[in-house]
Amino acid sequence: MTFTIPIENGDAVKIAEAESQRTLYPYVTGTSIVAIKYKDGVLMASDMGGSYGSTLRYKNIERMKAIGKHSLLGASGEISDFQEILRYLDELTLNDNMWDDGNSLGPKEIHNYLTRVMYNRRNKFNPLWNTLVLGGVKNGKSYLGMVSMIGVSFEDDHVATGFGNHLARPILRDEWHADLSFEDGVKLLEKCMRVLLYRDRSAINKLQIAKITEEGVTVSQPYSLKTFWEYSSFHNPTASAEGSW
Amino acid sequence: MSQSAVDVPPKGGFSFDLCKRNDMLTQKGLKAPSFLKTGTTIVGLIFKDGVILGADTRATEGPIVADKNCEKIHYMAPNIYCCGAGTAADTEAVTDMVSSQLRLHRYQTSRDSRIITALTLLKKHLFSYQGHVSAALVLGGVDITGPHLHTIYPHGSTDTLPFATMGSGSLAAMSVFEAKYKEGLTRDEGIKLVAEAICSGIFNDLGSGSNVDICVITKGNNEYLRNYMEPNPRTYVSSKGYSFTKKTEVLLTKITPLLERVEITEVGEAMEE
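Residue numbers (our numbering), protein chains in the order written: chain A, 1 to 245; chain B, 1001 to 1273.
Certain hints may be false.
To be verified - Below 35 Å or equal to it, Euclidean Cα-Cα: the simulated DSBU-like pairs (lysine-lysine) are:
| # | chain 1 | residue 1 | chain 2 | residue 2 |
| --- | --- | --- | --- | --- |
| 1 | A | Lys187 | B | Lys1028 |
| 2 | A | Lys69 | A | Lys138 |
| 3 | B | Lys1068 | A | Lys191 |
| 4 | A | Lys124 | B | Lys1028 |
| 5 | B | Lys1031 | A | Lys226 |
| 6 | B | Lys1180 | A | Lys39 |
| 7 | B | Lys1068 | A | Lys226 |
| 8 | A | Lys39 | A | Lys124 |
| 9 | A | Lys141 | B | Lys1028 |
| 10 | A | Lys226 | B | Lys1192 |
| 11 | B | Lys1192 | A | Lys39 |
| 12 | A | Lys191 | B | Lys1180 |
| 13 | A | Lys206 | B | Lys1180 |
| 14 | A | Lys191 | B | Lys1048 |
| 15 | B | Lys1182 | A | Lys206 |
| 16 | B | Lys1182 | A | Lys39 |
| 17 | A | Lys65 | B | Lys1031 |
| 18 | A | Lys191 | B | Lys1182 |
| 19 | A | Lys59 | B | Lys1180 |
| 20 | B | Lys1182 | A | Lys187 |
| 21 | A | Lys191 | B | Lys1192 |
| 22 | A | Lys191 | A | Lys65 |
| 23 | A | Lys206 | B | Lys1068 |
| 24 | B | Lys1192 | A | Lys124 |
| 25 | A | Lys187 | B | Lys1048 |
| 26 | B | Lys1180 | A | Lys187 |
| 27 | A | Lys226 | B | Lys1048 |
| 28 | B | Lys1028 | A | Lys59 |
Please keep in mind that the hints were generated in silico from the structure rather than gathered at the bench.
Could you put together the complete structure from these sequences and hints?
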């Protein structure tokens, strides 16, 4: 039994019946994640929105989760695929714990594992529709990396996904420097999240900041940023151009 | 002669006759000729005494940089300047045309041009071409009613804003503005912020690059700072100049005549003419 599924350009593709479902487009999506390395580890920020197309359907989604003792995973893109990835990582850490030999998976290993998973899924034309940000600290060394849905993976001092690439990355390239203190790091992330809030249509004003250090992961309580709308041009934009818009 | 009278279209405006044929050709696989696009970062902001416009200077033709140092800030009137992004020919032609119209209007009314005049002329023209004239503009200036800054999109819609960015580098520049803009900036603060925003576009967007142009317009005065900043100089130019290894040595100089020098004395009659 083979199925044919028509795709945009009119061609039909025959595929085997077992994997007759392939991810063609995402449904419930999360927007950008912004993360930086700082003095004691890694700071990551994300908002709590899950959009269903152009509706803001869910406003309480935690898109950053702790993995094991040493890592923090943030995801943008399809939420269900993120939950699937968390399940895979759960199995991984469970298997690891069963050995009970004192070893634990560090951020580098988890990053590698995720890269392999994402790349292999894309090769089968059935991607996990996410861009993942992996941060962690092990043995005093901080690590921050990113994997995209097609398997592009790299490490950097600051990363951002989705719109964050266009809006937050320029700010981080200018203002990030090594050994930021915790307060400065949070201020920098808030600066980026505020710009995203103004200019990304799927962002909401409810964000969390997570930090990971040698001691472990802490995810803050959700809070909102102050925004400024009092420019005089905004109050009466057509003051000099009657009838314009 | 009478043929031409029949061929002229009944009214002005864009003739959509060839669009169907172009569509048919693209479907058959013909690649449309690519345009010289100014993949660009252009910005404007209102400061205490007027308006500051900024632009990068790179013009691209697909993946190639066609012009490393083009001018994207166009003159409209002594008190109005316009930055253009999109297809270079379109921005150049449209701003030129409206600039001429404004001048004629100034002669007729004996008054300085207003920014909303330029705005209306531009948006009327762009709308009537339904977005086919690919010009995205940041129009700014100071007139009798004060400083104004507008953005105009290729389809003809406009915005009035305290700070604006357009072009492929607009997100990079907008992130700088959203983070750092406040009202009542001084001239130096404004120039610094505009230069920062353009640099953000230059270094983070592939379609923008080279130098920063800035134009400061205040009441009764404008300053066009061409190449205000050059953050991409040619590096690795040897300051001492280049010294090449010794030329090949000259061993012998000898001139060997190939023909004997012959003296000619005029004999006989002159040639037939």
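**Q.** Hints breached by this structure
**A.** Structure breaks hints 1, 5, 7, 8, 9, 17, 23, 24, 28.
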